[in-house]
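Q: Following the hints, position chains X, G and U against chain A.
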Amino acid sequence: MKLGFSPAEELFRAECADWLQAQMAGPFKDIKGITTLTAKAERRKEWEQHLGENGWSCIGWPSQWGGRDATLAQQVIFAEEYARAGVPGRVNHIGIELAGPTILTFGSEEQKQRFLPGIAAGKTIFCQGFSEPNAGSDLASVRTKGRLENGEWVVNGQKIWTSLAHISDWIFVITRTEEGSKGPKGLTFLMMPIDQPGIDVRGITQINGDAEFNETFFTDARCPADSLIGRIGDGWKIAMGLLAFERGVSTLGQQMSFRNELDALITAARANGTAHDPLIRQRIAKAEIGLRLMRYGALRMLSNTDHSAIDGAALTYKIQWATWRRALGELAMDVLGQAGELAEGDAYEWSTLPNLFLFSRADTIYGGTNQIQRNLIAERGLGLPREPRGDL
Amino acid sequence: MKLGFSPAEELFRAECADWLQAQMAGPFKDIKGITTLTAKAERRKEWEQHLGENGWSCIGWPSQWGGRDATLAQQVIFAEEYARAGVPGRVNHIGIELAGPTILTFGSEEQKQRFLPGIAAGKTIFCQGFSEPNAGSDLASVRTKGRLENGEWVVNGQKIWTSLAHISDWIFVITRTEEGSKGPKGLTFLMMPIDQPGIDVRGITQINGDAEFNETFFTDARCPADSLIGRIGDGWKIAMGLLAFERGVSTLGQQMSFRNELDALITAARANGTAHDPLIRQRIAKAEIGLRLMRYGALRMLSNTDHSAIDGAALTYKIQWATWRRALGELAMDVLGQAGELAEGDAYEWSTLPNLFLFSRADTIYGGTNQIQRNLIAERGLGLPREPRGDL
Amino acid sequence: MEFAFTDEQRMIAETVRGFFAENATSERTRKAMAGDGLDRALWNAFASDLGLTGIAVPEDHGGAGLGMIELALVAEAAGAQVAALPLLGHVMVGQAIAKGGSEEQKAEWLPRLAAGDMISTTTWAARASAADGRLSGTFSFVPHGAVADLLLVYGGNDAWLVDLKGKGVAITPHVTLDQTRPLATVVLTDAPAEALEDGDAAIPAALAAGWICLAAEALGGAQAALDRTVAYARERVQFGRPIGSFQAYKHRLADMMIEIEQARSAVYWAACAVDENSDETAIALHAAKSFAADTYFMCAGNMIQLQGGIGFTWEHDAHLFFKRARSIQTLLGNGTYHREAVATMILGGAA
Amino acid sequence: MEFAFTDEQRMIAETVRGFFAENATSERTRKAMAGDGLDRALWNAFASDLGLTGIAVPEDHGGAGLGMIELALVAEAAGAQVAALPLLGHVMVGQAIAKGGSEEQKAEWLPRLAAGDMISTTTWAARASAADGRLSGTFSFVPHGAVADLLLVYGGNDAWLVDLKGKGVAITPHVTLDQTRPLATVVLTDAPAEALEDGDAAIPAALAAGWICLAAEALGGAQAALDRTVAYARERVQFGRPIGSFQAYKHRLADMMIEIEQARSAVYWAACAVDENSDETAIALHAAKSFAADTYFMCAGNMIQLQGGIGFTWEHDAHLFFKRARSIQTLLGNGTYHREAVATMILGGAA
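Going line by line, the protein sequences match chains A, X, G and U. What the first sequence shows, in the working numbering, is residues 1 to 392, in sequence order. What the second sequence shows, in the working numbering, is residues 1 to 392, in sequence order. What the third sequence shows, in the working numbering, is residues 1 to 351, in sequence order. What the fourth sequence shows, in the working numbering, is residues 1 to 351, in sequence order.
Treat the hints loosely; a few may be bogus.
As the list claims (entries may be wrong) - Beta-carbon label-pair distances, calculated as ranges:
| id | chain 1 | residue 1 | chain 2 | residue 2 | range |
| --- | --- | --- | --- | --- | --- |
| 1 | X | 347 | U | 134 | 29 to 39 angstroms |
| 2 | X | 2 | G | 18 | 21 to 31 angstroms |
| 3 | G | 112 | X | 337 | 51 to 61 angstroms |
What the hints assert, rightly or not - With a straight-line Cα cutoff of 30 angstroms, these simulated DSBU-like cross-link-like pairs (lysine-lysine) come out:
| id | chain 1 | residue 1 | chain 2 | residue 2 |
| --- | --- | --- | --- | --- |
| 4 | A | 45 | A | 29 |
| 5 | X | 237 | X | 123 |
| 6 | A | 2 | U | 99 |
| 7 | A | 145 | A | 182 |
| 8 | X | 185 | X | 112 |
| 9 | G | 99 | X | 2 |
Unchecked claim - If you want the footprint, here are the derived chain X segments under chain G, 3+ residues with CB under 8 angstroms:
| id | stretch |
| --- | --- |
| 10 | 59 to 68 |
| 11 | 174 to 185 |
For the record, the hints were derived by calculation from the structure and aren't laboratory data. Cβ atoms here follow ideal geometry from the backbone N, Cα and C, with glycine treated the same way.
In isolation and in its complexed conformation, chain A is listed as follows (with noise of 0.2 angstroms):
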């Protein structure tokens, strides 16, 4: 057991810090800063091409498919770097943490080459067609179709929760491609170019007033036969472990937004006096150790590899930054008073705070509510009876 980094690794270090401040400072100075996901999308589509261009872009992956072989010590320093410098999170997020580990997993040579060389550069965004209006927390039951006809795949039905998929180039579908199967069997996994007659994509106004989410209908989309990833009848296997992905090194790049969050909290908790409430010390407290704790937690996660994805800290460590962002947004309005319910301007926009405290409410809903994850706990984690279907 170490936590230290060895010199080399602090090299390593300064080489991403100097480069990622370089960017921001410089030629990206614009985006600097933004903490939502959907502000100046086509600027930020300009730089996911420059970390690519500047083999930035995915560090972790096999130097062949235009990563950099980077060892995990390597990857948690470039994440913490990458935040710390301010640099606004990746809009092809889905694209290099799940579709490309989804297809450096279980795509054919063919589809590696075609996909991971675009993702990489930058180039090709991917969004994720997961939840429907009914498949909810119960995704089993999507209802999407899927057909094969004349060489295509022909998909009709409705996503939701199609997070950024107007800047997105593509969406991996899960669709059902058994005529009257259920649950989680019959389903296949497709990926679909989105600038197509078939896909309409229309955004869903959040609370915050911010529009990230989507709904996507497909009424007879298309793809090549060679669109699906695995063999037919296997999306649910590929979607459960596309969610494992979810809790790798891209974590700690979360980790540290949330670190620039809580920055804030601090600065405007020193700056208005509240800083001095001893209640609000406490619960700053309480924030700093979670923070720490959950980085230490995915430490723990990808340092033990022999683990799989069943072990104990890996469960839990969504409901626990889910968890922590809330109370860090209840928090933040408790520091803000009724300043922080004060929209920036005219319209119904927000600063990072009142930002945080509006949006984290999603956090514990989407990719598997509380409620959900803690059945995952309980009946994988410990052994517990599975809650029972019913049949309605």
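A: Same frame as chain A, but now just chains X, G and U:
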């Protein structure tokens, strides 16, 4: 809606206070301030009789049965003054609050004559035999068997958590009287004298070192055929009706003993300076508010007689006080610090506040755990689907 | 001692519930949100059809002469629909004048307030002093400040009325979290100000009415959040079952009910205590405001959580409740403030 | 950067788990509780069979020369059985001498500590000063004080060793909440006291070891509370179903696991930080002690609650966990203290 008391009621308050304080200053000085239910049992039986002799035992009962026909307001006042005077809890609380009202409501004329005067006189102490080792939360699965034999009931089985059985004269017992019946059917409610060879009471030591609860074993225990309340098979209905009595005026007396506990905590906090700690102050304020809200919740329940026992306030009352008291116990220990971890002397015996901390862990369990309470609230109060029974 | 509503109170409750359910619809509230945060038609109907703008105004000044209990019933019903109504300032100013105004002031202002002819609001001033009947200062976070006609400024032992349509007044409206009660910044520069005769009587009366109004709104909102979530829980099917059949879900709803029932006791205890001028008035008010506000926030948060993704959309009404709940928490003293006030009563001042 | 146990660490963990599971049985612990709170046979076996009394003592003084991680593994296993073992004082005194003793002091004391020849304990003194090598004062709440041979008194920049079997010592044992680590009051009257050479080095080393010991005990206890409750949940049938099939029950257990996993990160982060002399050492220690203690209390409380009536009996082991958890919360600074220390690091001092 009116909260104040009339001048006549205030006069009654003075009368109650004068009499109770005189007793606690005079003949019953030695039991003043006792907070456990087990200490000085013999003296407290004498106190029950003294109450009875002076007509203060069951003031809400009809005068015909030893009561005073007291109004609701008078009962509220008496309960408050009782605890305010530092009078210890009623060792016959099961008799006066549960058995008595049950007999009044469901008993025959003969049974009323047989039992009520004795209860009102403090001479007939009752305890309750409901739970069994395998019927704790799930009361409908009782197995203790009763059968009629030669004009007598013969009972075999085991009850548990029979509070104060070791000092009681009578026990009322739910028995399964229909061979092979399951669940709430086939149960009968019997009143049995405890002092007989067929009944064996064994104390259960609790985590606070005290032993209020017992296991009670029935081996061919007997009582006359007319010892049943209601009819054969009515046991469940009567048990449920009886549980509703738990939410009666006695809750106000209970609250006044909570008041005494909170006051002890406030005294301790002032004495050791933690009353200046802003975090402790918030928690004491919450406790104070919670206690007041319990009082007004109880007054709402009692005043709204047209609403039945499934009125919201009534359904939520148990979990509310149990959770409040458990939190008070934790707060008490935080106020006391390590000093709260020292027993009173050389035995494992505790003063009011540490005892509160320990004993209150049972409050959220007995009489329906917090989990069962939430089921009841959701199912009866909100009309949500019932938890399905299994078939094990 | 009778802690139950009278028949008349039950009737009022039923009437206002029906009124707000029918008129303060989501559609109309959203229209107000997109505008200046005031549903004028609702206010006018509230004033003229129901005559309830005069609820707590004495009868001899054109009011209904009812008390805080009735006010609570009204605010509870308005809160249940998150109505875009300037009730808070209205009842605070009305009580301030009724309890602290001179006979002339009462005669001048109360009938107009009772008739609903004007929108009122209030602001607290740490250090405001009126020289020669003129008041200056910057007052932030004034509820419905941009649409109000009359402002009550209170602080220390003094309370003043300022005509917001008059001279020396500059108002900056804000887009605020809760768009059904937007805040504004009011800057007064030698604005004419009329001192109420008895500030010491006016201020506690205004605060009592304000706290009760907010606490009752919170109670109504919390109950509505529970009711709507229960309805959803019965209908929404996941995993082949109504989600309301999942025990963890049921228990969350039960927890909401547990808090709401306490909040209900708190609100009516406080209202009753004010009406009866009870010794417990102060503690009851602090208890009601803090407990009901926290209850509402908890219930509105659960309303979003338990409805899943849809509860997080702008289109769904959950966020109206959530934002109102948050804004009630901060208005007129947050929970920490009120609990510290309670602590001071029972423990003495902090170190 | 490798936040995973080495093979050697895994082996130690397995060994100590087996040792405590076999030897620190409920029966033996209860015997110790009824006596002086010390399972001497367990201590002797721990010292001689396992040689683990020397765990964090340097090898050149007869110890095993291992670090805080290994200490945490041992304390975790001992905590999982609520063993009646004087580990806390032992590791604190050992570290104080190892880091702050002169060469002579190390040579004198460490081999005896490593061999387990003596029971040690510690106490903090707000204002203790030794004149002419003698110490006076009343020290309350000394863990295992009535059975200890050696007392470390620390305060300010100084730390002294006092022979509790020597002159000027009066000890009053107490019956205490947690009978597996009873507290005693120690009164010193001009008792001979030996100052450690470097108090400034000794004190933080002692505290670090103490906090890690307590946090690791808490982690082990919390995990055991969860494991035992899960086992019960699988077996106990109510309403015709294993109670572990009820969702609300499952979620309570899940909540325990969520906290425990964080506590686990905290404990090993802190141990690692001390061993590596990291910049994060202080915050890691405060985090570990406060978080693990709170987690343990939450889990032990649930252990009683979720086992129903039986969990509330003296006969059942749940109360051993519950009482140990509570006592860990107060030992060496409560949660508020440790969080305030963290707040001071990131926010500066309080007003």
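Q: Holds or violated: are the alpha carbons of residue 145(A) and residue 182(A) at most 30 angstroms from each other?
A: Holds, at roughly 12 angstroms.
Q: Does the Cβ pair residue 347(X), residue 134(U) satisfy 29 to 39 angstroms?
A: 36 angstroms Cβ-Cβ, so the 29 to 39 angstroms window holds.
Q: Is residue 45(A) within 30 angstroms of residue 29(A), Cα to Cα?
A: Given pair residue 45(A), residue 29(A) holds - Cα atoms ~15 angstroms apart, limit 30 angstroms.
Q: Can you tell me whether the CB distance of residue 2(X) to residue 18(G) sits inside 21 to 31 angstroms?
A: This hint holds: roughly 26 angstroms between Cβ atoms.
Q: Hint check: residue 237(X) vs residue 123(X), CA-CA at most 30 angstroms. Holds or violated?
A: Cα-Cα ~28 angstroms, so holds.
Q: Could you check the hint for me, namely that residue 112(G) and residue 337(X) are 51 to 61 angstroms apart, CB to CB?
A: At 59 angstroms between Cβs, range holds.
Q: Sort out whether residue 112(X) lies within 30 angstroms of residue 185(X), counting only the CA atoms.
A: 26 angstroms, holds
Q: Would the pair residue 99(G) and residue 2(X) pass a check requiring their Cα atoms to be no farther apart than 30 angstroms?
A: With a Cα-Cα distance of about 22 angstroms, the restraint between residue 99(G) and residue 2(X) holds, given a limit of 30 angstroms.
Q: Between the stretch 174 to 185 of chain X and chain G, see if three or more residues pass the 8 angstroms beta-carbon test, and mark the coverage as holds or violated.
A: Check failed, 0 qualifying residues.
Q: Given the hinted pair residue 2(A) and residue 99(U), is their alpha-carbon gap at most 30 angstroms?
A: 22 angstroms, holds
Q: For the stretch 59 to 68 of chain X, do at least 3 residues have a Cβ located nearer than 8 angstroms to some Cβ of chain G?
A: violated (count 0)
Of the numbered hints stated above, those contradicted by the structure are hints 10, 11, listed in ascending order.
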